[in-house]
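Make the full structure from the sequences, and use the hints.
Protein chains: 2
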Amino acid sequence: MNDKRRRLEDVAQASVQRAGLKSLSFRTLADEIGIKSSSVHYHFPEKSDLASALIQRYQEDFREQLDAISARRWNVKRKLAAFIAIFEQVADGERVCLCGMMAAECESLSPDNRRLLSGFFDDMESWIADLLCVNADSINAPVSTRQLAKVIVSGLEGALLLDRVAGSKANLKAQKDLILSLLK
Amino acid sequence: MNDKRRRLEDVAQASVQRAGLKSLSFRTLADEIGIKSSSVHYHFPEKSDLASALIQRYQEDFREQLDAISARRWNVKRKLAAFIAIFEQVADGERVCLCGMMAAECESLSPDNRRLLSGFFDDMESWIADLLCVNADSINAPVSTRQLAKVIVSGLEGALLLDRVAGSKANLKAQKDLILSLLK
DNA sequence: GTCTATATACAGATAGAC
DNA sequence: GTCTATCTGTATATAGAC
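Residue numbers (the numbering used here), protein chains in the order written: chain B, 1 to 184; chain Y, 1001 to 1184.
You may find that some hints are simply not true.
Derived DSSO-like pairs: lysine-lysine, alpha-carbon spacing no greater than 27 Å straight-line [as the list claims (entries may be wrong)]: (1) Y:Lys1169 - Y:Lys1022; (2) B:Lys184 - Y:Lys1173; (3) B:Lys36 - B:Lys47; (4) Y:Lys1077 - B:Lys184; (5) B:Lys184 - Y:Lys1184; (6) Y:Lys1173 - B:Lys77; (7) Y:Lys1184 - B:Lys77; (8) Y:Lys1022 - B:Lys47; (9) Y:Lys1169 - B:Lys173; (10) Y:Lys1004 - Y:Lys1036; (11) Y:Lys1036 - B:Lys22; (12) B:Lys184 - B:Lys169; (13) B:Lys22 - Y:Lys1047; (14) Y:Lys1077 - B:Lys173; (15) B:Lys22 - B:Lys47; (16) Y:Lys1173 - B:Lys169; (17) Y:Lys1169 - B:Lys22; (18) Y:Lys1184 - Y:Lys1169; (19) Y:Lys1173 - Y:Lys1077; (20) B:Lys22 - B:Lys36; (21) Y:Lys1004 - Y:Lys1022; (22) B:Lys4 - B:Lys47; (23) B:Lys22 - B:Lys169; (24) B:Lys173 - Y:Lys1173; (25) B:Lys173 - Y:Lys1184; (26) Y:Lys1047 - Y:Lys1004; (27) B:Lys173 - B:Lys77; (28) Y:Lys1047 - Y:Lys1022; (29) B:Lys47 - Y:Lys1047; (30) Y:Lys1184 - Y:Lys1173; (31) B:Lys36 - Y:Lys1022; (32) Y:Lys1022 - B:Lys22.
By construction, these hints were calculated from the structure, which means they are not laboratory data.
Have a look at this one:
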């Protein structure tokens, strides 16, 4: 069934967002589903195959959320707030971004998966840059929209990681406040 | 000898800054020094002892660099640029911050080490906040100095992690440009 | 302080039966 | 698709000789 595959991805994603890809084993993943590790290998021959699937579906899910924001008749500031809210939801679940976690583990990723990961951040950055670009006159910062998009993405990813260490949401809130203050 | 212990820490730190604590084994660490893994256990009984030592010495080293900046007769903006230069040096070495890496791995850290890690970021944040506080009138942002300090720390940490994925330094540069633009 | 040797556990992955 | 069984490699950690 394709349902099993999706359940495996669900559990694996939650695990990676909590403890990272290195900490996820086919054995514990199988245990949580109620099958054997060899059966997991049927769905994902190698661990890198599972990683690829996780990155791609995370990106697709993220893209859907961005499209939903784009479809709204909101001003730039409100759209950006909705974008930040995606990260706040992740923080509420005591998780970090799947790709932010994998970024820390990128040394042990296959070249293919590193490219997928890079594409995820490029996509997010482009979406923000496009959003900022159409209303460039309402930006209170002396940097390019592309640069500001980079600051926002890396800032939010860093905030998620650091907030977990202290068990707070102060970094994410600080990022949110500053980012929104840069827009009129 | 105490020299061996320091050599072990040097190699271990480089390894963690490249691939993370999980990827570091006593065996490979021992191999690089030219001893056996059981000898590494003599210096650091458990892996968590090694982790503690790494965090503490990294924090002390960082603190020295901050003190050196504090001692200069520079304006706030130049001191902040010097602070950011510490991160640029890390990026130049194709590394990430030791504590930024461990922040991603915090789920598998002992409570003690999580506290040490939290203290590292608090320290850095306080240093920036103090720096900004004395010249609060030269800040172009409508957020508190404490919040701005959080934005700077999490932003730079996130930039180091994301830049490694694409193999660039664009995120760090964007963070630098924006941060410095917030000061008159 | 470092060694050999070993205990124990777990990792990714595969073969072949059902 | 899932299982049992197994191969192979590696991990942390310890005991005890030198």
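Tested hints:
no., hint, result
1, Y:Lys1169 - Y:Lys1022, "holds, 25 Å"
2, B:Lys184 - Y:Lys1173, "holds, 24 Å"
3, B:Lys36 - B:Lys47, "holds, 15 Å"
4, Y:Lys1077 - B:Lys184, "holds, 25 Å"
5, B:Lys184 - Y:Lys1184, "holds, 20 Å"
6, Y:Lys1173 - B:Lys77, "holds, 24 Å"
7, Y:Lys1184 - B:Lys77, "holds, 25 Å"
8, Y:Lys1022 - B:Lys47, "holds, 17 Å"
9, Y:Lys1169 - B:Lys173, "holds, 25 Å"
10, Y:Lys1004 - Y:Lys1036, "holds, 13 Å"
11, Y:Lys1036 - B:Lys22, "holds, 25 Å"
12, B:Lys184 - B:Lys169, "holds, 25 Å"
13, B:Lys22 - Y:Lys1047, "holds, 17 Å"
14, Y:Lys1077 - B:Lys173, "holds, 24 Å"
15, B:Lys22 - B:Lys47, "holds, 10 Å"
16, Y:Lys1173 - B:Lys169, "holds, 25 Å"
17, Y:Lys1169 - B:Lys22, "holds, 26 Å"
18, Y:Lys1184 - Y:Lys1169, "holds, 25 Å"
19, Y:Lys1173 - Y:Lys1077, "holds, 16 Å"
20, B:Lys22 - B:Lys36, "holds, 19 Å"
21, Y:Lys1004 - Y:Lys1022, "holds, 22 Å"
22, B:Lys4 - B:Lys47, "holds, 17 Å"
23, B:Lys22 - B:Lys169, "holds, 25 Å"
24, B:Lys173 - Y:Lys1173, "holds, 23 Å"
25, B:Lys173 - Y:Lys1184, "holds, 24 Å"
26, Y:Lys1047 - Y:Lys1004, "holds, 17 Å"
27, B:Lys173 - B:Lys77, "holds, 16 Å"
28, Y:Lys1047 - Y:Lys1022, "holds, 10 Å"
29, B:Lys47 - Y:Lys1047, "holds, 26 Å"
30, Y:Lys1184 - Y:Lys1173, "holds, 19 Å"
31, B:Lys36 - Y:Lys1022, "holds, 25 Å"
32, Y:Lys1022 - B:Lys22, "holds, 8 Å"
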